[in-house]
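Chains as they are written, first to last, in my numbering: chain A, 1 to 333; chain B, 1001 to 1303; chain C, 2001 to 2339.
Mixed in with the good hints there might be a few duds.
Unchecked claim - Quick list of in silico lysine to aspartate or glutamate cross-link-like pairs, DMTMM-like style, CA-CA up to 25 Å:
(1) A:Lys272 x C:Glu2114
(2) C:Lys2253 x A:Glu210
(3) A:Lys272 x C:Asp2121
(4) B:Lys1190 x C:Glu2067
(5) A:Lys272 x C:Asp2200
(6) B:Lys1190 x C:Asp2200
(7) C:Lys2175 x A:Asp274
(8) A:Lys66 x B:Asp1031
(9) A:Lys272 x C:Asp2215
(10) A:Lys272 x C:Glu2204
(11) B:Lys1190 x C:Glu2181
(12) B:Lys1190 x C:Glu2114
(13) C:Lys2093 x B:Glu1193
(14) C:Lys2175 x B:Glu1193
(15) C:Lys2089 x B:Glu1196
(16) C:Lys2257 x A:Asp206
(17) A:Lys66 x B:Asp1290
(18) A:Lys272 x C:Glu2040
(19) A:Lys66 x B:Asp1036
Everything labelled a hint here was simulated from the structure, so no lab data went into it.
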Amino acid sequence: MTRINQPHPVLRVDNLCVEFATTAGQIRAVDQLSFSVEAGQTLGIVGESGCGKSVTSLAIMGLLPKPAGRIVDGSVLLDGQELTRLPEGRLRQLRGAELSMIFQEPMTALNPVYSIARQMTAVLKRHQQLSARQARHRAIEMLARVGIPRPDQRIDDYPHQLSGGMRQRVMIAMALSCQPKLLIADEPTTALDVTTQAQVLRQMVDLQQELGTAVILITHDLGVIAETCDQAVVMYCGSKVEQAPVADLFLQPRHPYTAGLMQSIPRIREHKLDRLPVIEGQVPNLAALPPGCRFAGRCPNREDRCVQQQPPLTERGAQQFACFNPWNGPVES
Amino acid sequence: MSDPGIILPAPEPAAARLRPERTSLWGRALDQFRRDHAAITGLAIVAVFFLMAVGVWFGWWGTQWSQALGGRWEGPSGGHWLGTNLLGQDIFQRAVYSTRTAFEIGLIVAILSTLLGGLLGALSGFYSSRWIDSVLLWLMGTLDSIPFYLFVAAVAVAMAGNPWAMHIAMVATFWTTTARLVRGEVIKLKNLEFVEAAHAIGLGQFRIIFRHLLPNTFHILLVQGTIVFVSAIKAEVILSFLGLGVQDGVSWGLMIAESTQEVLAGQYMNFIVASSFMFVLVMAFNLFSDGLQDALDPRRAPR
Amino acid sequence: MNAPLLKVENLAKHFPVRGGLLRRVQAQLKAVDGVSFELEAHRTFGLVGESGCGKSTLGRTLLRLHEPTAGRLWFEGQDLTELDTSALKRQRKQMQIIFQDPFASLSPRRTVYETLREPLDLHRIGTASGRKRRIQELLEVVGLRPEAIHRYPHEFSGGQRQRIGIARALAVEPKLIVADEAVSALDVSVQSQILNLIGDLQREFGVAFVFISHDLAVVQHISHEVGVMYLGQLVEQASVERIYSMPTHPYTKALLKAVPKPDPQSDDLDAAAASVLEGDVPSPIHPPSGCSFHTRCPEAMAICRSQTPKSINIGSETDPHQVRCHLVDPALSLHIKHE
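Only chain A is shown next, with the shape it has when bound in the complex (with noise of 0.2 Å):
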């Protein structure tokens, strides 16, 4: 994949924290992140439910839930522009021009009541000051660019006379269309059945590196993230356990947690297996999480030293992992 170099990331996150107030106290979600996206480069996230991840996407738009919700500590800097501290109208006048976002359902995140054009439009006077007939072209434009067969006419469609697969390019194409510094993507084909997956992730894939986007990507599935991004961040339970390069990640993965999500994804293999191969045990408690590694109740390598202290991130090349004890194993592929 073609890596546009800069010198400054798009964005920076950096030490983010986010808590939120429920019942049962502060919890922790998202604890002490940070990276960086330059342009053109798509980060993947990656992790279980709960593990921080669709957080730090709302956190970075500032769309927490309010006033559950809030961001502890920590930077979003947008192209050197401090986020966290932006009042909500600046922030509203980024989302959607700077800033865009995509969902993992392509039907609640459009209106059913206005046909897509209405849809598309609408963003495209707010943030660009196109006329109608300009926006309606440009929009136009954008629908082909991602693969929708005759936009001049699916354009005047509502919501739900598209497909799924339709739906989500569509979306595509309204985050784009004011050509963001950023776009993020949460589980955006999720919802997809598998033909349809892999050609509206091309599409996302060809018009990001058009246009020179910084995309992240959150998934759940590591094919996803294996088959379109060239980072990869790996959480579990609100922080880091390891980031790097898709291709060393793949190939040795230094966390235990990231090796053992790698070998529990089913796959396709020439010879089946007995049993797969797991993770034991259970994600813990956001509200009380131990007080060392927060993986060590699972871990395989568990040392005793797990137990009582947080391992730091060490950096080894390119690849960065919290873990005192990495695994340095093979692990199938």
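Following the hints, put chains B and C in place on chain A, whose structure we already have.
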């Protein structure tokens, strides 16, 4: 996958691991309710009124509501706390006795319309788009389209002064809202997999309705019951004022009705006392009902 | 006993589509349209296909949770389609279902004990005191701690709820369990735990499974035989080894290619995207003429538009491999070559 998007991170496992002790949905609703100060205040006021009504029931107070104990329109005094009315009856005693009347009407109407609405709503929802549902929907539509006071007047005339005419008329009109709400909920629930699982183990239709569907509409029944209670008390006041309501005894509505003559004479006590009693109870009950609704809101509880 | 545990013959389930003012039946939605297969005890039949292909409807029709429109269903040699309500109720003890959504599949106001007790009471399994012991056993079998017994569903995680759902299905000691997307809503690490549990249960109790999933990798792991479903029909069915080593129907091939591979070296997003099928699944209300897959098939021929292909066995008597495609029809392929 089940990443919940905008909601809390991992709501269900977190909640599961947070509370080692066992908590039912009701237990959680209670926790939520306890934190709602307005609702607790409302409940406390309702409780005071309820005790007042219970006292009247057992004859502890309010027994002399019908006797003329003083002169006409006496001012408040040690003997008559809120003065007397046109006939020299003690206004406080009458207002207190009316509390019992209000609770009787409210409870009877609320319980009966909730039972009827729950049952017929569940049947209608379970057999949706079958003939039984069509019949019930037609019935609800018909009852809803008759103007309420006209309907009560008709029932009252038809039953020739029967003291239950008002109750029957109220139940007949109030159950439809409950039934519609329960019907909607049952239609939603019956397609859920736990109901399919009940079919799959071979459970009969009625057991599915009574054991699996209706228990999951209890929050609606409870909240709707409190709303009907308040509506019944308010409707009684207007009906009694029109002479269609309480036939024997006294109620706030009857007190307001008799005060019309007094107001012309510049005597406002009867009117103010009866209205205030009703206002405070209705207000308190609404606060309680709102709190209940929030506490039982299924969207609030992690699924 | 020579009869297979489950034998399905030309099973169909059509739903009437009503419309207009008078709600007349305007069309038939053919969710399941002529499906046949057999399943032995101790075996798993994997049913794979995209959303809307009718696989969930088929699963429910097998249990007569939906009344079949046509076709026959034999369970241990007995015709299920002829059972009356009370006989069906007794038969339910033999066949159970586990569901996809671990949140919707348990009644929120009942404890685990109440949920598991109900089937035991209904089918009068064991003595009253024995039932409590049985519930404890069931929890142990599915890997839940005994304290779980008096808890409510919301106190459990998705994976644990799925275990409770499995315990409920096992309570009546069924011979057949239909698992409808039973692991699709779970996280990967939990998914493999549940898949292993299902494998263990089969080894231990000999339960046969009809395992419905859209995930080809999961189906490969769990199944002995696989059926690929498209618009209500099985377009290809064979042993798992055959299907995955020599997929023959163009639809099966496309499905297999489209699976994202957890290997960045393979760089086959392009390959996957290129091989991917054009367009969307047609509406099952108005399926295309001829072969229902011809609108998306990369290898479609003229005949595919006009003639419905028959199911042809390209395997052997002992290792059958049924494919519903004109390409494998020996008579036709000769014909094509001659053209």
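Consistency of the hints with the structure:
no., hint, verdict
1, A:Lys272 x C:Glu2114, "violated, 38 Å"
2, C:Lys2253 x A:Glu210, "violated, 31 Å"
3, A:Lys272 x C:Asp2121, "violated, 40 Å"
4, B:Lys1190 x C:Glu2067, "holds, 17 Å"
5, A:Lys272 x C:Asp2200, "holds, 15 Å"
6, B:Lys1190 x C:Asp2200, "violated, 32 Å"
7, C:Lys2175 x A:Asp274, "holds, 22 Å"
8, A:Lys66 x B:Asp1031, "holds, 22 Å"
9, A:Lys272 x C:Asp2215, "holds, 15 Å"
10, A:Lys272 x C:Glu2204, "holds, 19 Å"
11, B:Lys1190 x C:Glu2181, "holds, 20 Å"
12, B:Lys1190 x C:Glu2114, "holds, 19 Å"
13, C:Lys2093 x B:Glu1193, "holds, 18 Å"
14, C:Lys2175 x B:Glu1193, "holds, 21 Å"
15, C:Lys2089 x B:Glu1196, "holds, 14 Å"
16, C:Lys2257 x A:Asp206, "holds, 20 Å"
17, A:Lys66 x B:Asp1290, "holds, 22 Å"
18, A:Lys272 x C:Glu2040, "holds, 20 Å"
19, A:Lys66 x B:Asp1036, "holds, 19 Å"
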